[in-house]
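Novice: Chains as they are written, first to last, in the numbering used here: chain A, 14 to 334; chain B, 14 to 334; chain C, 14 to 334; chain D, 14 to 334; chain E, 14 to 334.
In case anyone wonders, no lab produced these hints; they're calculated from the structure. There's no promise every hint is true.
Keeping only pairs whose Cα atoms sit at most 30 Å apart, straight-line, the calculated DSSO-like set for lysine-lysine is [what the hints assert, rightly or not]:
#1 Lys217/C - Lys205/E
#2 Lys330/A - Lys332/B
#3 Lys217/D - Lys89/D
#4 Lys83/D - Lys217/B
#5 Lys83/C - Lys205/A
#6 Lys205/E - Lys330/C
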Amino acid sequence: MLVNCVAYQGGVKLADIPLSEVSDYVSRPECFVWVAIRDPEPAELDALQEEFGLHELAVEDARHGHQRPKIEEYGKSLFVVLQVIEMDGSQLQTGEVAIFAGENYVLSVRHNAEHGFTDVRRRAENEPELLQHGSGYVLYALMDAVVDRYFPVIDALSEEIEDIEEHIFGEQTTRANIEALYGLKQKLMVVKHAAGPLLEATSKLHGGRVPPICAHLQDYFRDVHDHLVRLDQAIENLRDSVLTAISVNLALITLQENDVTKTLAAYAALAAAPTVIAGIYGMNFDHMPELRWSYGYPLILAAMALIDGYLYYRFRKAKWL
Amino acid sequence: MLVNCVAYQGGVKLADIPLSEVSDYVSRPECFVWVAIRDPEPAELDALQEEFGLHELAVEDARHGHQRPKIEEYGKSLFVVLQVIEMDGSQLQTGEVAIFAGENYVLSVRHNAEHGFTDVRRRAENEPELLQHGSGYVLYALMDAVVDRYFPVIDALSEEIEDIEEHIFGEQTTRANIEALYGLKQKLMVVKHAAGPLLEATSKLHGGRVPPICAHLQDYFRDVHDHLVRLDQAIENLRDSVLTAISVNLALITLQENDVTKTLAAYAALAAAPTVIAGIYGMNFDHMPELRWSYGYPLILAAMALIDGYLYYRFRKAKWL
Amino acid sequence: MLVNCVAYQGGVKLADIPLSEVSDYVSRPECFVWVAIRDPEPAELDALQEEFGLHELAVEDARHGHQRPKIEEYGKSLFVVLQVIEMDGSQLQTGEVAIFAGENYVLSVRHNAEHGFTDVRRRAENEPELLQHGSGYVLYALMDAVVDRYFPVIDALSEEIEDIEEHIFGEQTTRANIEALYGLKQKLMVVKHAAGPLLEATSKLHGGRVPPICAHLQDYFRDVHDHLVRLDQAIENLRDSVLTAISVNLALITLQENDVTKTLAAYAALAAAPTVIAGIYGMNFDHMPELRWSYGYPLILAAMALIDGYLYYRFRKAKWL
Amino acid sequence: MLVNCVAYQGGVKLADIPLSEVSDYVSRPECFVWVAIRDPEPAELDALQEEFGLHELAVEDARHGHQRPKIEEYGKSLFVVLQVIEMDGSQLQTGEVAIFAGENYVLSVRHNAEHGFTDVRRRAENEPELLQHGSGYVLYALMDAVVDRYFPVIDALSEEIEDIEEHIFGEQTTRANIEALYGLKQKLMVVKHAAGPLLEATSKLHGGRVPPICAHLQDYFRDVHDHLVRLDQAIENLRDSVLTAISVNLALITLQENDVTKTLAAYAALAAAPTVIAGIYGMNFDHMPELRWSYGYPLILAAMALIDGYLYYRFRKAKWL
Amino acid sequence: MLVNCVAYQGGVKLADIPLSEVSDYVSRPECFVWVAIRDPEPAELDALQEEFGLHELAVEDARHGHQRPKIEEYGKSLFVVLQVIEMDGSQLQTGEVAIFAGENYVLSVRHNAEHGFTDVRRRAENEPELLQHGSGYVLYALMDAVVDRYFPVIDALSEEIEDIEEHIFGEQTTRANIEALYGLKQKLMVVKHAAGPLLEATSKLHGGRVPPICAHLQDYFRDVHDHLVRLDQAIENLRDSVLTAISVNLALITLQENDVTKTLAAYAALAAAPTVIAGIYGMNFDHMPELRWSYGYPLILAAMALIDGYLYYRFRKAKWL
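Chain A extracted, bound-state conformation (with noise of 0.2 Å):
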């Protein structure tokens, strides 16, 4: 489905464009054209991939999703995959763009992401002396808006574990809670398998020798690159919350049972003890001088009231009750 067509000139904004006009405009040096569209049907695919001749290996990739993050140089022109993560409550759901981008074209592939690219495409069109910096500007502009959608993401992980952490450490610990941790270390994995690829990929747009459409901006593009360090540290460092949050978790399940076991055996000992003197006067011998005397049998249940005190007493100070 198009999404959008425009074509712009020296960073303003010519026209919308059917896509039948597409080829007359990219073929004018000082112009590029700007394509988005998104869950495209076979035969649109075809269309722009004759139009601005795409490699076949980077159309298939673009039809069928699901690929992993990437940035590939065919000839003079790029291909990016991009993967959108979208919170859907809790849960996090994928998409992908595609990005195509030549010296004066870029395409946009949307797949399964709810979220566009409007805002980006408005705010580009209001900076006109960056605009003019032509398709590399704009390819700049949707993965530095990409990028900055993962950080809500990792605000909303990162909220997670300081809930799951006072779960854990405020009351008994519930399998709700150890089921919360390996969810949240899936969910972590899901935005790693994003942003993980991009990481090692931008760094070959900046620096060095980079592909020609990038050439002036390289600022930019390290701008990109620094994001995703700093999205992959707070990654592993949840990552690493998680896991030992797993093991600390498992030390406090283990020291729930020791408070159990000591309840148990204190219990069963204030128990014991009454139940063993009763025993002993429940016995029929013939001669037991306690069972005659008038007041045995209050000395004797005083005697397993001071008993169990002094054990709970005992118990109490120990903290097993």
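Fit chains B, C, D and E to the given chain A structure using the hints.
Specialist: Okay, now just chains B, C, D and E, sitting in the frame of chain A:
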């Protein structure tokens, strides 16, 4: 056992030829021969070694199988060893394909692998514009096919871990779950064993200096490499998940034990209370006024019921029962 | 908020100058200006950006804070982001210093950091022979000061783990110990977050090609780098100790549970023996000769005491009690 | 102790020679001498050092043994240290072979190794077309033999872990299993200790600049390197399996404890029910109508049996029994 | 405190000289001076700094101690920091040696180290053919001596872990074992802390470009490097063993708990059976025919004994007792 032996020219099949005529075709510069054999007799390999001038060490490797995946240059020719993984129920079977690729021949030697490569040959013959790139393209097509067949295996293992997760979090953990996790770990290592070494090896077939028969096909070999990177990441993710699942599982088992101990403690308490009381009124003191009361017995029964009822309510609230 | 704005020439302070005169001094080749501001208003930064010709992306970073530590070259000038860590009781507070260093200016922008750098300025002014190296030396002095302030933090964390070790091995483990280990782990990550990225970045300020303003000060920047390596190793060692302490702690907790279970078992046995005996002599058989003996009762009591005494001796010897 | 001392020319054995004539043969350019000694006396090594002009540091290493595997260049000659591993029942014995290889001599010094290299010499003498490559080929043949002898060791360790796996999953885990896992881990480290350092060292004998005596044999040394890579991966896989088995084993042990606790709880319940009932009817109240019923006793016995039967059925269903 | 100050020429000792004459000898090109001081006063270091023209940053490091091991070039001279480890009972003491080595001087500054280097000096003076290599050889001899002294420490730690292993597998695990494992881990980190940084640093003293004073001694420095590699591997192996021992130990502790719980369960069953039976015959029903039998009591006692005997046999067989 000879599977196929075909001569090609300009991307088009010339003829099925007997092994004895191979030398005629190999000597023509514009021609190349694609031979496929499986579980070969020593004599077969000897004949082909002489025909194509294969290096002794490479032939040794192809003869014995059980090599690790690798790509080696011998002069102008390449020797590639690939492992094929086939699913047999939930078990993995590992076979092997050794490929000798020279300027005008490709020889594939298959060991212990059910699934052949006739589909690859058919597809290649349908795309003469690609097949005319010669033996390098055939090498690419074979490697691409082998690597593509790893993905369904990984998908099956992904489903397996989701299955296990459901069992772990859904019910009481059993030996079967633990055994399944361990088995899954081992299977992942089989796939890693097959795909891992290729990852590094294929990186030498694109970018920088590449062997001459791959020179015009770098974008294609980069695509294979890219698939292997994706595969490698998927394996790593699964492995990480399995290890996390193992430790999470331990926490769940320990938690389960907590629950059992709590239940044990609660029931012990429910039994202990009436036992103590009954013990007391089973004593044989002469002066125990309660024993003489008309309603002594029902009152005591009621007291027992009340105490146990209260304990039950407390244990319920504390989730020990 | 402006903290300081001073012009220097040949290592000697010329004058405190208002921001408005900065441009006069910056234009003199033999002069440089050292400006320090904290928690700046947007307008302040805008003014300084124009004054010194700072790059938009760098100013963006300095404005918002919450960057990761880094060293970036923009043309002939350097942009450095450092994190400062201040101890607030046993908690760590993270602030930030952004430094812009050009040929004849240094601008430091401090965020959320109590402790300023007036001591650095004072020391630098006392060593004119070093200060005359210009803005590069000021950059070194600031970086050195920030890095040196990490060491007391690491020392405090070292003491913290020694404290925890004493608790773990000295007495029964409690939730508090586990929580302390987890907290320590998180604090280490805060310091690593601050020092880690600098380690790599500073390695580019000595040896090989270095930015021009650092060129004559490579030995000094190598010294900073060396401190960071030492710090990094100290963090790694502490982290390793914490992780080992967590798993050792788990073993100790499990051992503790063993002890509790053994105590439980021993006391259960001590109660069970007289209970069984009393039960037997509480039976109502008509013909139980022992019940008629004159010394039956004291004999049985003695038997009970003997058995329990023996059991107690055995449990003591086996260290179950 | 001298084992062998043979002069070769053009790949053919000239004669067994005494050590005193070595210098005559070494001086002939087309000749080379292959000397093998074991557990040498200091004087033997001193003589050979002078004969071949060996470097003091290398001779020191060969004299004392207990070196790590390594390959060092001293001018035009190579000094190689290899560890040989021999199985003694289920224990591993580590010996050492030091090889000095110069343009026209090879000297192997064996320490603590039962199994010699006469088979290597025999095979080499049977292939004069290869042996005529000179001392470099002998070096290859010796290294290849040592590396090939690691594989049966690894196979034995592989079988050992499969054995342990069967025990772990097949029956109740015992101390013996855990001890076996730990022992296996230690043995793997012995093999890694032998093979690991060679992996890196052999990579310098093929590709890029290689020592002159290996120059024409790069394909052969690459083969040795390839075997070492395979070995290294096998060791890593086994190590990973052992570590996973250790943690899986812990989970199984904990699960086993769950089962024991459940059984304990179930039997406690089965005993508690009749105990409580018998306690009640053992009380001495004057007015307990049930005690007077003719069928009171059998009815109560039936009630006890019924309750325990029901409990037993429930515990069975819940798999506690 | 000055330890030694000697001038050498052509590998031969000229004279013990006072510090004040150092400058006379240093200025002669064919001479070099070897000064050793320990725990120096500030003034001593200041004097020597001026004498030899040492760099301020290096002198700072030597003055304060507590540096990490490192090798730094300052112009044509080298500054080396080494840590010496001395065993004090089973504790490790860390001292430090800083070495300044220039074209014709070597200055070693020892901190907190009992064991000096007079043996190194004596050995060097006995080998004038080596000592005539000048200050580079002295540097080598000192580094070699420090590194060689690490090996007995590692051997002691190796024995320590074998001791602990015996305790772990031979008897019931105690807190002491766990504490010993943790302590061993910490000691390993002390040695790693000393040897690890040198490993990388020494690799720059052989192969490729090396500092001029080491140029003719590359084989010797490679030997030191080789020792450090061996040391590093030994440390890694021990560390791995300790970590495995910790987790194996946890499994053994849990297994031990299983045994205790089983014993508890078995004895509980042995007590429960007669308790239930005695309870039944302690009931006060009017019509309990067994109570009237002449042999009722002995029959019941026999039944109790029989049941407990059978249970005992079963528990024995199942290894619960």
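Novice: None of the hints should be skipped; say for each whether it holds.
Specialist: Results of checking the hints against the structure:
1. Lys217/C - Lys205/E: holds (26 Å)
2. Lys330/A - Lys332/B: holds (25 Å)
3. Lys217/D - Lys89/D: Holds. Lysine 217/D to lysine 89/D sits at ~15 Å (cutoff 30 Å).
4. Lys83/D - Lys217/B: holds (28 Å)
5. Lys83/C - Lys205/A: Cα-Cα ~22 Å, so holds.
6. Lys205/E - Lys330/C: Distance ~42 Å between lysine 205/E and lysine 330/C Cα, so the pair is violated.
The structure fails hint 6 only (numbered hints given earlier).
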